[in-house]
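Residue numbers (this note's numbering), protein chains in the order written: chain A, 1 to 565; chain B, 1 to 228.
A few of these clues could be false.
[To be verified] In silico contact screen, one side only, chain B against chain A (beta carbon under 7 Å); selected entries:
no., residue
1, Asn8
2, Ile11
3, Phe14
4, Leu161
Hints were generated in silico from the structure; no laboratory data involved. Beta carbons are placed, not taken as given, at the ideal position from N, Cα and C, and that holds for glycine.
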Amino acid sequence: MAQAKPGGERQVLESMYSMIALVFILVACVELCDAATVVDVYRLIQYDISGAPFGSRLANLNHHAGSLHFAPGSDLSRTVLIIPLRELNISFVKEYITQNQPLGGLLFLLPQIFNIENRERAKSNHQTDGEELLKNDLAELEKLLIHSKIPYPVYFAFEDDDIEAVLADVKRNDATGQPATATTGGYKLVVSVPEPKKRASPTITNIQGWLSGLKTDGDANQLPTIAIVASYDTFGAAPALSVGSDSNGSGVVALLEIARLFSVLYSNPKTRGRYNLLFGLTSGGPYNYNGTHKWLRSFDQRQRESIDYAICLNSIGSWDNDLWIHVSKPPENAYIKQIFEGFSNVAEELGVKVGLKHKKINISNPRVAWEHEQFSRLRVTAATLSELSVAPELLESTGSLVDGRPLVNEAAIIKSVKLVAESLARHIYGHEGKNVQIFADNSSLAVNPSYIKSWLDLLSQTPRVAPFLSKNDPFILALKKELEDHTDEVNVQHEVLDGMFTFYDSTRASLNVYQVASVTFDLLLLLVLGSYLIVLFSFLVITTRGLDDLISLFRRPPSRKVKTA
Amino acid sequence: MTVFHFFNCAILTFGPHAVYYSATPLSEYDTLGTSVKAALVYLGTALVKLVCLATFLKVSDNESFDPYQEFLKALIGFIDVAGLYFALTQLTHRNISQNHKFQAVGLGWAFADSVLHRLAPLWVGARGLEFTWDYILQGLEANANLVLSISLAALGSLMWLRKNKPKTLIPIIYTCAGIVATMPSITSYLRRGLGWHFPEVVGFQLFTSLVMAFISWQLFAACQRPSA
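With the sequences and hints as input, model every part of the structure.
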């Protein structure tokens, strides 16, 4: 032991230097890394039309993160591209989707202004050009995603500091030109949800409220009925984000306010009109107004014939000066003329313009573009009041991601309510052509802006895609209760959505972001550790037993042979 | 891959103990029994420490550094020294030299500490998908702890077992033993009082453990010289 000491001391010093160097290298490498981040994500809708698949066909995600700055030509089949809407290159996405290029998944980051749970955003009503561009991009993206079949998971998330930090890291990594795969580490995005299942026979719920008119004793005939109808459900790229503030939240709000105004009038026998009022909140609007169809079918013939006319409210929350009345009977028709004149008279007084649009129905075409067409198909006079000048395509203008609270102007809804309520009242009380203001401002019958605002806020926070609303969803119960407050009799009708559409669940999930080390790193670490242990072993053997012992350790087998020999 | 990482961290945490045992003459003299006994003593000490901590310390809500509490903690930390004293002097060992005895005790002591404090977090954490440097650092900390335990055992055996040591060295031995024994409190102070991060603390621990090991080696050698 004493002999080995001088050599041992030198060894100690040398190994200490190397140890210290190792320590410093390790300390230099270490960055303080954050723990796993969890982000709320909303899945792109998955649905079939007559068996043809559309939308995102997968929900499970377990891939490395990549950004748009990936190295050209790299294999992205195991990479989730994180694309912020602000940097979206729509032609790139279009190319990838239409050419069926392999991708691990897509994660779109939407600016906070589109967040439905963000109550602050309602306050910032002014829109900048940048926002306008974002909205156009988003609308285009949504259209593309809804109408394509995408064989990998597509998710939406909202920008926040955590995910932004991850994205910045990913970009930095991509900028070095190495694709993020198992060999280089980086971030791993994991969404573990069960396989999306079909929604078995999705129900649609129609709610109707009756406000019966005054029947004098001598009247043998049934009173005529005026129907006011709005469809309340939505369809959008992300079902959990599809609130449709304008389409058709604005119509629902207007309908509730009109019901409230007429309930005040009808509560007094003196001002009770000689018309029944029928308020209908229908579901299935995006699917060719399937709910309206079912609802009308459930009436008996007499009831249906008693309907004088129906006014459908659709997207009336973001217009400035022009509204359109869409009809499917020729404008020369006496009823149509009467309705249109009633509306345009009031519109003139309100200082807005109302135009008439005629679109013929093609019975053989299953597409029903406007809600009134369902009435017209059953020979009930009906018109749709809307800010849209042309009929939307299937699944268009039904509550897209863009269609949130900031898009809607309360003043526009108030004007619409005035227009509809005033012209209806003049028709009911026979004041047509006269300049009487029944719902004048500051009177007891004035339109209530705070009522409109609160309902609009509620609708703008409630996703309402019909297949994902249960029969007793709190929102449906709230609508029912509100109509019960304003009308005499409320009926709720549950129907099954007709067969053409199939929907799949798992609309929202949690995305876990993990920072992972690569296999290469672990291999390297194993090598370093192995050599560390070997060095330690040799060092200890040399210091405690001497160098000869260490050498003899490796020579032992032959020496043993010599001994046995 | 993550099991791989766990494997790596486990090697780093427990490998040096095995290597130390097999590389030094400890394995030749079959001192495993001594190490096991020391580990058992460690378990008992840890239990006593736990009871003391629970009895005398307030549970602080925040992570701030309270000098009085830390002082108490350091005092309780000296229970370790008592445990080590018991392991070194009271346990009846087989006839092994002092040289090997303190090494065996220190090794068992450090191994029990590693198993008790690091195995469970490692098993739970290092197999997760998320990568952090924490478990590698924890492994390095285990290494530092091994060196410190053996140094402390060496100093302890100098204090309690060796009778004819040079007078001049006695104060140095006691100071060093004191420093090594208060090491947990010092690191805790660095972490909470000065707000050092884990990597820095581990670096400091590795550095001081090597320095202390070197000093205690020199002291041991110096004490051995007259007898040799």
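Do the hints match the structure? See the list:
A hinted interface residue such as asparagine 8 (chain B) counts as satisfied when its beta carbon comes closer than 7 Å to some beta carbon of chain A; here the least separation is about 5 Å, so the hint holds. Against a cut-off of 7 Å between C-beta atoms, the interface hint on isoleucine 11 (chain B) holds, since the closest Cβ of chain A lies about 5 Å away. Interface restraint check for phenylalanine 14 (chain B): the shortest CB-CB distance to chain A comes to about 11 Å, outside 7 Å, so the restraint is violated. The beta carbon of leucine 161 (chain B) is not positioned within 7 Å of any beta carbon in chain A (closest approach about 18 Å), and the interface hint is therefore violated.
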